[in-house]
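Enquirer: Position chain B relative to chain A; hints supplied.
Which chain is which? The protein sequence lines are A and B, in order. If you're matching positions, the first sequence starts at 29 in the working numbering and goes up one per residue. If you're matching positions, the second sequence starts at 29 in the working numbering and goes up one per residue.
Since the hints were derived computationally from the structure, they do not count as laboratory data. Since no wrong hints were added, every one of them can be taken at face value.
Because identical chains share one entry, a pair is satisfied inside a single copy or across any pair of copies.
Calculated cross-link-like contacts (lysine to any residue; reagent style SDA-like; alpha-carbon spacing at most 20 Å): (1) K31 - D165; (2) K413 - F130; (3) K442 - A455; (4) K303 - E282; (5) K139 - D112; (6) K127 - R372; (7) K139 - E54; (8) K416 - H170; (9) K416 - D165; (10) K247 - A265; (11) K127 - T369; (12) K31 - R81; (13) K31 - A341; (14) K230 - K247; (15) K416 - T166; (16) K303 - L223; (17) K127 - S30; (18) K127 - T340; (19) K139 - E40; (20) K230 - D214; (21) K127 - F420; (22) K31 - G342.
2 protein chains.
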Amino acid sequence: MSKPTPLSGFPEWLPAQRMIEQNVVERIRTTFECYGFAPLETRAVEPLDQLLRKGETSKEVYVLRRLQEDPANRGDDSLGLHFDLTVPFARFVLENSGKLQFPFRRYQIQKVWRGERPQEGRYREFLQADIDVVDRDTLPFHYDTEMPLVIGDAFASLPIPPVTIMVNNRKVCEGFYRGLGLAAPDEVLRVVDRLERLGPEKVAALLVETAGATDAQAKACLELASISAGDASFVDAVRALGVADPLLDEGLEELVRVVDAGAEHAPGLIRAELKIARGLDYYTGTVYETQLRGYERFGSICSGGRYENLATAGNERFPGVGISIGVSRMLGLLFGQHALTISRSVPTCVVVALPTEELRPACDRIAQELRRRGINTEVAPAAAKFGKQIRFAERRGIPYVWFPGADGAADTVKDIRSGEQVEADAAGWQPPADDLVPLVSRG
Amino acid sequence: MSKPTPLSGFPEWLPAQRMIEQNVVERIRTTFECYGFAPLETRAVEPLDQLLRKGETSKEVYVLRRLQEDPANRGDDSLGLHFDLTVPFARFVLENSGKLQFPFRRYQIQKVWRGERPQEGRYREFLQADIDVVDRDTLPFHYDTEMPLVIGDAFASLPIPPVTIMVNNRKVCEGFYRGLGLAAPDEVLRVVDRLERLGPEKVAALLVETAGATDAQAKACLELASISAGDASFVDAVRALGVADPLLDEGLEELVRVVDAGAEHAPGLIRAELKIARGLDYYTGTVYETQLRGYERFGSICSGGRYENLATAGNERFPGVGISIGVSRMLGLLFGQHALTISRSVPTCVVVALPTEELRPACDRIAQELRRRGINTEVAPAAAKFGKQIRFAERRGIPYVWFPGADGAADTVKDIRSGEQVEADAAGWQPPADDLVPLVSRG
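Only chain A is shown next, with the shape it has when bound in the complex (with noise of 0.2 Å):
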């Protein structure tokens, strides 16, 4: 066969990115888990109709069949591949409902797909972390106001650049078209939510032509739109709009509290933002985008929102709130831009270097006697010259090289960094702390 080449939209990492890519998610799971976030994982398939229950996402789907299957015999139970975590979350709640404590708090590490065309930054299959916290019935609102703090806490515990997590309440923007006189919010929102990509003017032309605005309307949604503060003071922006409806009141109000949270837990962390208005349907209040600093242009990082009508089956309901890193788009930005590094490409500390094939066994005890303390170990692949086990260690970026004693002569261990070399005993010598596992960092 001929060399494989790369497809497009699906990113695989060499390994010393992959083992940045476990640190960055081993970070996150460990935040999560310190807020009480218990671990799930779905299946990776849904039934079709559970995928396209909201109509948007259908051209995005990949849908599999069997290769041998008989295609008369395929029937309405055709499976697809999760575009979300989201959206399995709420099935998984709805089929063992009956086997979970509510409220149920879960996170969700892992790879989604999406048959889009691939474009810069968008890829057909990426890894998502996501955090969500459901009720049965009714959520309590101070959840709203936990997502973002448990996200900015993940996002501080990593070595990248701070995030801004942009928040906005869909009863801000509802509530205000509403009070304009605007018959049909959901489609003002849905033009809104493209203003990043058309600009202002485009914005307005289209809700006057597609959401029934007039120019004045218009006017006023974009004015909302612009608004943005890092504390409460974006209340009065909106008040001097001069509309009225209850239903802006009760948004400003949970927007209010979610602000008002982030000011005291990590100051500067978290924006109300009131262009961000998130295309999925299912959201119903609070939503979440993030931003990297230094990369803006390349929207969101993190997303979310609070859900209440998504988990919902027969008489059963259970509203939620989550919120998605999004992994794969964070690490292909800062790998793009060399911005993470780690210390070595393997995790081995110590090469045992092997004087001739006949000291194996010697060298392998050697190496288990180091494994047993938690010291990762390789035995060099061949007894070739010894400058040639150094090169091995050394394009690895492996810091140690171990030297068997020849003669009833004691061990070395030679940092090949320095070419310091001293005497050592297996079961006794401990490299420095910063040596014992790869260290990832800024680049």
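Expert: Just chain B, lined up with the frame of chain A:
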């Protein structure tokens, strides 16, 4: 919509089981890294022509299409979900050979998919944990002896029954069949591979029928397959059958090395089992299967072998040896027997009780102080009666409830298992190490 139901063949664990799985994967990963294997993940999809290179598995492949795709536009670039991690790894090595250091040791822990009809213990989606070593042109044999030792250590780190790794070598079988005068050793191997399911009589009949064996030859093949030993004594048993062939000699010598290394590393871990054949085409020498003691009738939970020609393109050739733990399969068996338990169903160690909703910010600060020191903490969902808040913790197995002191009194923390309640300071209190994170143990 109506309440969703499970999909046959796509297992989903509840959070407590997922915590066990995560713990198990973490221990396996730690062992792999201890031996210097670097992590890798490949995309979930491969071009169909890659997946179908070894024709035997074609019926198991799930093929993908985009929901809105024009059927007329579907070219020969169709994609399928990978059914193991070895074929994608071989493809990755060929694609990235210029960027990798050889010998290349990697581990890979990912889901795989097989579109087969579900049956007991057979999943359509399951988690595998693989290690492989590949090198350019030739790969030293000592890696064949190392593989089962790594796997033995990985299993020994888990709270599960002991395992037996059963080893054979295709050169033994092929050389023996050739020495017997059989013309189609591959076909003989395929028939012998069905010994477990069909029994010796049917296999003997099939050997005569489809592999051109005489009754005596068939009998000799079955005698070879019946040989089993925990040490090198199997060599004498094979010699006693009176067949001579250079390939047989080579295979026996290799197999002795694997068994001897096992006996030194972990007595009782490895057995030569000459009936082990492995269905897959790509193995060329050593083959491994693994039984969990007490679960022998469920088949192998960890398999692999040496493959000389899987990663080959043009002039480049990367022979390898690898082994794969069937994580889902093993956990499915153990969960089915309630043989693994965890001390609680959430990561949370402490619930901070909420006297009134107004005190939530103060309770959040206590929680944050505990989290800062790595103690997983939740604040109670609502300011219910304390009895209800304690039951919230109890139902999840959370060991501690924290009571903020009223009116300047000290805080107290209650171990809700013993009822013991003591004064405590969030800046200094530490739970016993055994309570810090959920503990996994044999059930």
